[in-house]
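Undergrad: Okay, here's what each chain looks like letter by letter:
Number of protein chains: 2
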Amino acid sequence: MFAVTILGNNSALPAYDRHPTAQIVTIGDQLLLIDCGEGTQMQLSRYKVRRGKLNHIFISHLHGDHYFGLIGLITSMGLLGREQPLYLYAPSGLDAIIELQLKVAATTLPFELVFHPLEKETVLVDTSKFSVSCFATQHRIPCWGFLVREKKSPRKIDTHKLKSFEIPTGFYPALKAGEDYTHPDGSIIYNHQVTVTNAAPRSYAYCADTIYDERLAEVTREVDLLYHESTYLKEMEDRAAERFHSTTVQAATIALKANARRLLLGHFSSKYEQLNDYLSEAITIFPNTQLAIEGVTFRILNAT
Amino acid sequence: MFAVTILGNNSALPAYDRHPTAQIVTIGDQLLLIDCGEGTQMQLSRYKVRRGKLNHIFISHLHGDHYFGLIGLITSMGLLGREQPLYLYAPSGLDAIIELQLKVAATTLPFELVFHPLEKETVLVDTSKFSVSCFATQHRIPCWGFLVREKKSPRKIDTHKLKSFEIPTGFYPALKAGEDYTHPDGSIIYNHQVTVTNAAPRSYAYCADTIYDERLAEVTREVDLLYHESTYLKEMEDRAAERFHSTTVQAATIALKANARRLLLGHFSSKYEQLNDYLSEAITIFPNTQLAIEGVTFRILNAT
Numbered sequence: 369m370f371a372v373t374i375l376g377n378n379s380a381l382p383a384y385d386r387h388p389t390a391q392i393v394t395i396g397d398q399l400l401l402i403d404c405g406e407g408t409q410m411q412l413s414r415y416k417v418r419r420g421k422l423n424h425i426f427i428s429h430l431h432g433d434h435y436f437g438l439i440g441l442i443t444s445m446g447l448l449g450r451e452q453p454l455y456l457y458a459p460s461g462l463d464a465i466i467e468l469q470l471k472v473a474a475t476t477l478p479f480e481l482v483f484h485p486l487e488k489e490t491v492l493v494d495t496s497k498f499s500v501s502c503f504a505t506q507h508r509i510p511c512w513g514f515l516v517r518e519k520k521s522p523r524k525i526d527t528h529k530l531k532s533f534e535i536p537t538g539f540y541p542a543l544k545a546g547e548d549y550t551h552p553d554g555s556i557i558y559n560h561q562v563t564v565t566n567a568a569p570r571s572y573a574y575c576a577d578t579i580y581d582e583r584l585a586e587v588t589r590e591v592d593l594l595y596h597e598s599t600y601l602k603e604m605e606d607r608a609a610e611r612f613h614s615t616t617v618q619a620a621t622i623a624l625k626a627n628a629r630r631l632l633l634g635h636f637s638s639k640y641e642q643l644n645d646y647l648s649e650a651i652t653i654f655p656n657t658q659l660a661i662e663g664v665t666f667r668i669l670n671a672t
Numbered sequence: 369m370f371a372v373t374i375l376g377n378n379s380a381l382p383a384y385d386r387h388p389t390a391q392i393v394t395i396g397d398q399l400l401l402i403d404c405g406e407g408t409q410m411q412l413s414r415y416k417v418r419r420g421k422l423n424h425i426f427i428s429h430l431h432g433d434h435y436f437g438l439i440g441l442i443t444s445m446g447l448l449g450r451e452q453p454l455y456l457y458a459p460s461g462l463d464a465i466i467e468l469q470l471k472v473a474a475t476t477l478p479f480e481l482v483f484h485p486l487e488k489e490t491v492l493v494d495t496s497k498f499s500v501s502c503f504a505t506q507h508r509i510p511c512w513g514f515l516v517r518e519k520k521s522p523r524k525i526d527t528h529k530l531k532s533f534e535i536p537t538g539f540y541p542a543l544k545a546g547e548d549y550t551h552p553d554g555s556i557i558y559n560h561q562v563t564v565t566n567a568a569p570r571s572y573a574y575c576a577d578t579i580y581d582e583r584l585a586e587v588t589r590e591v592d593l594l595y596h597e598s599t600y601l602k603e604m605e606d607r608a609a610e611r612f613h614s615t616t617v618q619a620a621t622i623a624l625k626a627n628a629r630r631l632l633l634g635h636f637s638s639k640y641e642q643l644n645d646y647l648s649e650a651i652t653i654f655p656n657t658q659l660a661i662e663g664v665t666f667r668i669l670n671a672t
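Top line first, the protein sequences correspond to chains A and S.
The working numbering numbers the first residue of the first sequence as 369 and each following residue consecutively.
The working numbering numbers the first residue of the second sequence as 369 and each following residue consecutively.
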């Protein structure tokens, strides 16, 4: 499973039961939380997300609509008796805010909160299953996007074919890596006899708040799903630039230039009650676009 | 109009669509916000409360379920272009948290936020229409309750009777204060001819988080509506004491000892999905009890 579930899709002001930014990326048995606007803990309950599997939280920048829900989530995790460490990746400054809020409440968390300040474009998480790296976006204050990449063995075992041969299970990792198997009697089972090419690893890019920036198309090149903010409709291009935000057309243009497979639009302005125009404007440039509707889970699919 | 509208009635963990503590007191043309748990700004929208009339915010203590929604509310007020000053009464420490959060966002509020630290039992707001004072409760960290008292002239003009006499409107305040009116020709209209006794001023007390403390019955003596926390049912009396909270029976006992007119129970534990037992337990001690249900407005009525 590799998917993103939208918990909040609105920009600064909550409106029309749309919430400030937050999303859950499910990858294998891990949940990653990207941004955590006010009310995120309630949204997690509403959409029945299991917090126990949440070990990594990424905060793009320190505008409140991207992190005001974090302290509530963290303290609730403490009240619920969490014990395993929680890893937090965010711009420097958030650590001091959290410390101060715990201090005035005379609260000690029952788990370790490991803070990693975002300072440069780098790999933040690197497991055998996936990696998460960050990249700078252009906003009024330092702001970071995140790229989640699945890892896969180059080869996948064909269990049906495997039945014809006696290969010890301990050799399976080597098979996945492309090696041939030599029986004790010297006979060789060639790798291609029992494996097939694996599907390409999938990727998801989260372009946080940003002005139109073509460099983002390079950074997110060929991603399977690109989330790009589109705070405004195209008519508000000047205002978008002034506030370091993007329009529908700009988001779609980045998706096109990146040769992304699919585009997800979010961070909608509370100026607009209806979202239809966001979609109709974007698809004129990039047809494979969807709106980040709250509660919806978007699977990240292979290119094919 | 003198009433309290419940925005959040749950204790620390949000659950069952119950929210952390927040309530709006409407008095005349003013709105007062007491406590501001996470999601309060959404609850204000949900229940169509007009923020423009909100000029005073009171925070009982610095446990997150009583103030995590404040920074979101304040910054949204800024985004919406508020210009008039906002008065904040809260334990010291909250000012530093807000300053830090505005600083990391490079945000300047377009209105003045006037911070008043709660340090002793005193009158906080004193207008011609009402006063708000604070009193200490007993909790794990410094915690304050609030007492809102209406002010009324001793006499009320009887507009029906007034028609028979020629009294300049400029003299009305003197009439309300009990004075007689002397016509230029020397004839006297006695006060009792055109006024009646006004109903007694009404009062509302908010007993924030507290262990059972009989002193609260003195402080809130004869209030028309007493809000008292009852985090737990009576079976959890030990746990309540351990955590400096109260039970249904304890809250009702305070209401009884205070000779309050009515009791409002809130701050329900997320241990309980159903709230029926809160009511049935409390009314055995104090029959005139209601549950603080979110979205409901409780009018503060005179004794009669």
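Incorrect hints may appear among the rest.
Pairs count within a copy or across copies, as identical chains cannot be separated in the list.
Straight-line C-alpha distance at most 27 Å; calculated DSSO-like pairs for lysine-lysine [what the hints assert, rightly or not]: (1) 602 / 639; (2) 416 / 529; (3) 602 / 529; (4) 531 / 602; (5) 625 / 416; (6) 471 / 488; (7) 416 / 639.
It should be emphasised that the hints constitute simulated quantities derived from the structure, not laboratory data.
Undergrad: Now look at each hint and say whether the structure bears it out.
TA: To see whether the hints hold, each was checked on the structure:
no.	hint	verdict
1	602 / 639	within (13 Å within a copy, 49 Å between copies)
2	416 / 529	neither (39 Å within a copy, 65 Å between copies)
3	602 / 529	neither (54 Å within a copy, 65 Å between copies)
4	531 / 602	neither (58 Å within a copy, 63 Å between copies)
5	625 / 416	neither (36 Å within a copy, 44 Å between copies)
6	471 / 488	between (29 Å within a copy, 21 Å between copies)
7	416 / 639	between (29 Å within a copy, 18 Å between copies)
In the structure shown, a violation is registered for the earlier hints numbered 2, 3, 4 and 5, in ascending order.
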